[in-house]
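**Student:** Each chain is listed here by its residues.
Number of protein chains: 2
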Amino acid sequence: MLKTRGYAAEAATTPLAPFDFDRREPGAHDVLIEILYCGVCHSDIHQARNEWENSIYPMVPGHEIVGRVARVGAEVTRFKEGDLAGVGCFVESCRTCENCKEGEEQHCLTHLVATYNGTERDEQTPTYGGYSNQIVVDENYTLKIPSNLPPENVAPLLCAGITTYSPLRRFNVGAGQRVGVVGLGGLGHMGVKLAASMGAEVTVFSTSQSKEEDARRLGAHHFVVTKDPQNLEPLAGKFHFILDTVSATHDLNMYLNLLRRDGTMVLVGAPEKPSEVPAFSLITNNRKLAGSMIGGIRETQEMLDYCAERNVSSDVEVIPIQQINEAYERTIKGDVRYRFVIDMKSL
Amino acid sequence: MLKTRGYAAEAATTPLAPFDFDRREPGAHDVLIEILYCGVCHSDIHQARNEWENSIYPMVPGHEIVGRVARVGAEVTRFKEGDLAGVGCFVESCRTCENCKEGEEQHCLTHLVATYNGTERDEQTPTYGGYSNQIVVDENYTLKIPSNLPPENVAPLLCAGITTYSPLRRFNVGAGQRVGVVGLGGLGHMGVKLAASMGAEVTVFSTSQSKEEDARRLGAHHFVVTKDPQNLEPLAGKFHFILDTVSATHDLNMYLNLLRRDGTMVLVGAPEKPSEVPAFSLITNNRKLAGSMIGGIRETQEMLDYCAERNVSSDVEVIPIQQINEAYERTIKGDVRYRFVIDMKSL
Numbered sequence: 001m002l003k004t005r006g007y008a009a010e011a012a013t014t015p016l017a018p019f020d021f022d023r024r025e026p027g028a029h030d031v032l033i034e035i036l037y038c039g040v041c042h043s044d045i046h047q048a049r050n051e052w053e054n055s056i057y058p059m060v061p062g063h064e065i066v067g068r069v070a071r072v073g074a075e076v077t078r079f080k081e082g083d084l085a086g087v088g089c090f091v092e093s094c095r096t097c098e099n100c101k102e103g104e105e106q107h108c109l110t111h112l113v114a115t116y117n118g119t120e121r122d123e124q125t126p127t128y129g130g131y132s133n134q135i136v137v138d139e140n141y142t143l144k145i146p147s148n149l150p151p152e153n154v155a156p157l158l159c160a161g162i163t164t165y166s167p168l169r170r171f172n173v174g175a176g177q178r179v180g181v182v183g184l185g186g187l188g189h190m191g192v193k194l195a196a197s198m199g200a201e202v203t204v205f206s207t208s209q210s211k212e213e214d215a216r217r218l219g220a221h222h223f224v225v226t227k228d229p230q231n232l233e234p235l236a237g238k239f240h241f242i243l244d245t246v247s248a249t250h251d252l253n254m255y256l257n258l259l260r261r262d263g264t265m266v267l268v269g270a271p272e273k274p275s276e277v278p279a280f281s282l283i284t285n286n287r288k289l290a291g292s293m294i295g296g297i298r299e300t301q302e303m304l305d306y307c308a309e310r311n312v313s314s315d316v317e318v319i320p321i322q323q324i325n326e327a328y329e330r331t332i333k334g335d336v337r338y339r340f341v342i343d344m345k346s347l
Numbered sequence: 001m002l003k004t005r006g007y008a009a010e011a012a013t014t015p016l017a018p019f020d021f022d023r024r025e026p027g028a029h030d031v032l033i034e035i036l037y038c039g040v041c042h043s044d045i046h047q048a049r050n051e052w053e054n055s056i057y058p059m060v061p062g063h064e065i066v067g068r069v070a071r072v073g074a075e076v077t078r079f080k081e082g083d084l085a086g087v088g089c090f091v092e093s094c095r096t097c098e099n100c101k102e103g104e105e106q107h108c109l110t111h112l113v114a115t116y117n118g119t120e121r122d123e124q125t126p127t128y129g130g131y132s133n134q135i136v137v138d139e140n141y142t143l144k145i146p147s148n149l150p151p152e153n154v155a156p157l158l159c160a161g162i163t164t165y166s167p168l169r170r171f172n173v174g175a176g177q178r179v180g181v182v183g184l185g186g187l188g189h190m191g192v193k194l195a196a197s198m199g200a201e202v203t204v205f206s207t208s209q210s211k212e213e214d215a216r217r218l219g220a221h222h223f224v225v226t227k228d229p230q231n232l233e234p235l236a237g238k239f240h241f242i243l244d245t246v247s248a249t250h251d252l253n254m255y256l257n258l259l260r261r262d263g264t265m266v267l268v269g270a271p272e273k274p275s276e277v278p279a280f281s282l283i284t285n286n287r288k289l290a291g292s293m294i295g296g297i298r299e300t301q302e303m304l305d306y307c308a309e310r311n312v313s314s315d316v317e318v319i320p321i322q323q324i325n326e327a328y329e330r331t332i333k334g335d336v337r338y339r340f341v342i343d344m345k346s347l
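Protein chains in written order, with my numbering: chain A, 1 to 347; chain B, 1 to 347.
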């Protein structure tokens, strides 16, 4: 076994603290990755604190992982020692269900092995995430990381990037389209960058006037403060696509009304409580309300290659791991522009 | 002006009664249609009783109209005296907005002229519907009615038919797909017939066991009684498409959970109260919840031609107009298999 250092939550109510654990020796198809950076996703906090009521402790969070390959198994063909490599939200799946076969492993019908707070395919061995110095992953679930982008800015692409890229692609967002992005946080700022890079005319909807300058710097063409619903009235029926990244409970109908005929609003944040949706808001203009969850390995690689080509990556604040608990508090307050990334040298 | 006989509601609380009124003389582009049959849509009742709070009285309802051309204007090219002709939910639109130009007049951005309970393009002259002996409509808003189907069975296609056909087409329903139809009323029975005719494997979801025999006769392959939610559990994640035709408030989430990856549920009924939709139900499997409203003239003609070719039409109970108030009460109770159609000879 490989002695590994990390940070873990021992229970829902304890702060993250240093934690030593073992990882498996790399098998024939495995890659051993020395972790350079790991992003801090809001879902790390939900799970560390058992807010989704499915937590396994001790928990080493982290699923926005970028590192360097330190060793490869005998059968590995896609990676070699020294390569940059990435790991996202899952590290295995059944490989045999229809979703896995179609390259949509994130919807595996049998057993998606989450990068942390999950179990390996044996349904017993817990998985530990990227707040650690190394990780062992099958090469088929490992991403190639472009070398032309700073790796700390790439890390958040593995969750925030693919979560926003996938629906933008699935609904064919592009030039000539008006796209709204609701909320300017970790997901929202990637939504703005990606939608703008695809040629869309982007409007950011935010409760906070203070984010206008950032929104425009990130690529938004318009900025609407949503505290006053009157600001939205002239925009009714104008949008082809709206990406809703807000995970606090909020009024969806206000945004549905902005969609034009055949327009789509996609939820990538998951408010705790159900939202009230009037049928008339969907029937008018044949609107669609959809959900979207990360992406498969193939699409995640496509997104990384796209970002490399367009020079798109995340705006980050790099922190030493010793500041992780403070970073959690600031993330909850929305006080981060726009993603904390842990520099694993600090471990 | 043309002296016209019909039945009208004089107020929200009065029964429908005989009513004489004038229609315009046919203009150069108009068709005068002698009405043979008019379907009774649930929305006729909502509007006659001002349940949508937008009623104009006196109101002559009816937007599922089939008749015979009695006269044509000088410039009319598509119809001649003696042709069968149909009129659906609208009789004019602005013709210049982007939706009209794209043949989606039902979503006209300026002024959709409803067949009844609306105003002409002058925004003053009230429109009167199909519970009458004749109607005058521009030929561009008049449908060709196939002659190989009984006209009384065709009438409901003008609303119930297109309302179900349009979303089935838009979401590419076809062979190899599992399709659910929620509710077996006027819309639902057309949904079953059309989805089955397109090659889908159709499951009807109904609160009433008594409809199983009918459902299977209409083309359904499976029938699920929804009073016991346990009946739905084994079907989770199985459906490509669900057409929800129920306009009473009901639990959407129960059906959303039946959708497989990238599956879509379309609402064509409009419950009065908003429905609670949990984001997780949409994010899981990248599901879509959509709405759909009738269809444009081009698609309505396509639907009529499709039905003629496949020998698909509505199951109806033909009534004399003197029974309209009783028919309303029976429609409200769901006591009709599956659409009342008024034989206008009775007028």
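A few of these clues could be false.
One copy or two, either will do: identical chains are not told apart, so a pair holds if it fits within one copy or between any two.
As the list claims (entries may be wrong) - In silico BS3-like links for lysine-lysine, alpha-carbon gap of 30 Å or less:
#: 1; residue 1: Lys3; residue 2: Lys273
#: 2; residue 1: Lys101; residue 2: Lys80
#: 3; residue 1: Lys101; residue 2: Lys238
#: 4; residue 1: Lys3; residue 2: Lys101
#: 5; residue 1: Lys238; residue 2: Lys345
Honestly, the hints are just simulated from the structure, not real lab data.
**Student:** Evaluate each hint against the coordinates.
**Tutor:** So, going through the hints one by one against the coordinates:
no.	hint	verdict
1	Lys3 to Lys273	neither (41 Å within a copy, 58 Å between copies)
2	Lys101 to Lys80	within (26 Å within a copy, 57 Å between copies)
3	Lys101 to Lys238	between (38 Å within a copy, 17 Å between copies)
4	Lys3 to Lys101	neither (34 Å within a copy, 67 Å between copies)
5	Lys238 to Lys345	neither (48 Å within a copy, 47 Å between copies)
Against the hints set out earlier in the document, violations occur for numbers 1, 4, 5.
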